[in-house]
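Q: All the letters of the sequence shown, read from the start, carry residue numbers 21 to 211 under my numbering.
Hints may be right or wrong, so weigh each one.
[As the list claims (entries may be wrong)] Pairwise CB distance ranges, derived in the manner of DEER restraints:
1. PRO66 to PRO112: 32 to 42 Å
2. LYS65 to LEU109: 37 to 47 Å
3. GLU126 to HIS106: 35 to 45 Å
4. GLY64 to PRO123: 17 to 27 Å
5. ALA46 to THR67: 18 to 28 Å
6. HIS106 to PRO127: 22 to 32 Å
7. GLY64 to ARG138: 40 to 50 Å
8. ASN113 to GLY64: 17 to 27 Å
9. GLY167 to GLU99: 39 to 49 Å
Everything labelled a hint here was simulated from the structure, so no lab data went into it.
Don't be surprised by glycine CBs; every beta carbon is placed ideally from N, CA and C.
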Amino acid sequence: MVWPAKFLAGGGLILLILSFPMPIQAAIVEYELTIALQEVNITGKPTWGMTINGGIPGPTLRFKEGDTARIRVHNRMKEDTSIHWHGVLVPPNMDGVPYVSFPPIEPGATFTYEFPIRQTGTYWYHSHTRLQEQRGHKGDIVIEPVGSTRRRDLPDIEKYFTNRAMALRLWMGWRAANPVLIQIIPNPHKP
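Generate coordinates for the entire structure from the input sequences, incorporating the hints supplied.
A: Structural data, given as structure tokens:
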């Protein structure tokens, strides 16, 4: 028997195929976020807050390393807004700092952020416009490692408690204090 036949008969073909790098199964993960000024009642006293999709905080955005984030932000307020992806590695024009990295999202306008997800960990997003963050314009980001089996369609329980990410938010009258985000998913980019 010549060497190629012995190689193939001994399982060499399988070994050869497995030795090539396999592509990561990445997805384009899309979210629609609507920013609006709404009356909210969190402490028993009605007040005006800046909601994302009708809630404070906004929805938890979930990704896997290697995904592409595509997030359409609809501004339904009467003032400019923005979203900064705090701690997430993004291209400069997607950083969400008005008049520095991009123009603000004007009233009635929609802006689409699109960037690759190149890390894992727990992060948060918030406005970099005026005091919008303090009025509720914020939410959590969870980026799972490649190979994670967590389903993206599970209920959004991170607003209250989870073993993956926990955002503690204190309310003081009409405004929210700064959140404390507890890092539970290992993040190689932060020692």
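Q: Decide, hint by hint, whether the structure agrees.
A: Hint check results:
no. : hint                         : in the structure
1   : PRO66 to PRO112: 32 to 42 Å  : holds, 40 Å
2   : LYS65 to LEU109: 37 to 47 Å  : holds, 39 Å
3   : GLU126 to HIS106: 35 to 45 Å : violated, 23 Å
4   : GLY64 to PRO123: 17 to 27 Å  : violated, 39 Å
5   : ALA46 to THR67: 18 to 28 Å   : violated, 41 Å
6   : HIS106 to PRO127: 22 to 32 Å : holds, 24 Å
7   : GLY64 to ARG138: 40 to 50 Å  : holds, 43 Å
8   : ASN113 to GLY64: 17 to 27 Å  : violated, 42 Å
9   : GLY167 to GLU99: 39 to 49 Å  : holds, 42 Å
Going down the numbered hints, you'll see the structure goes against 3, 4, 5, 8, while the others check out.
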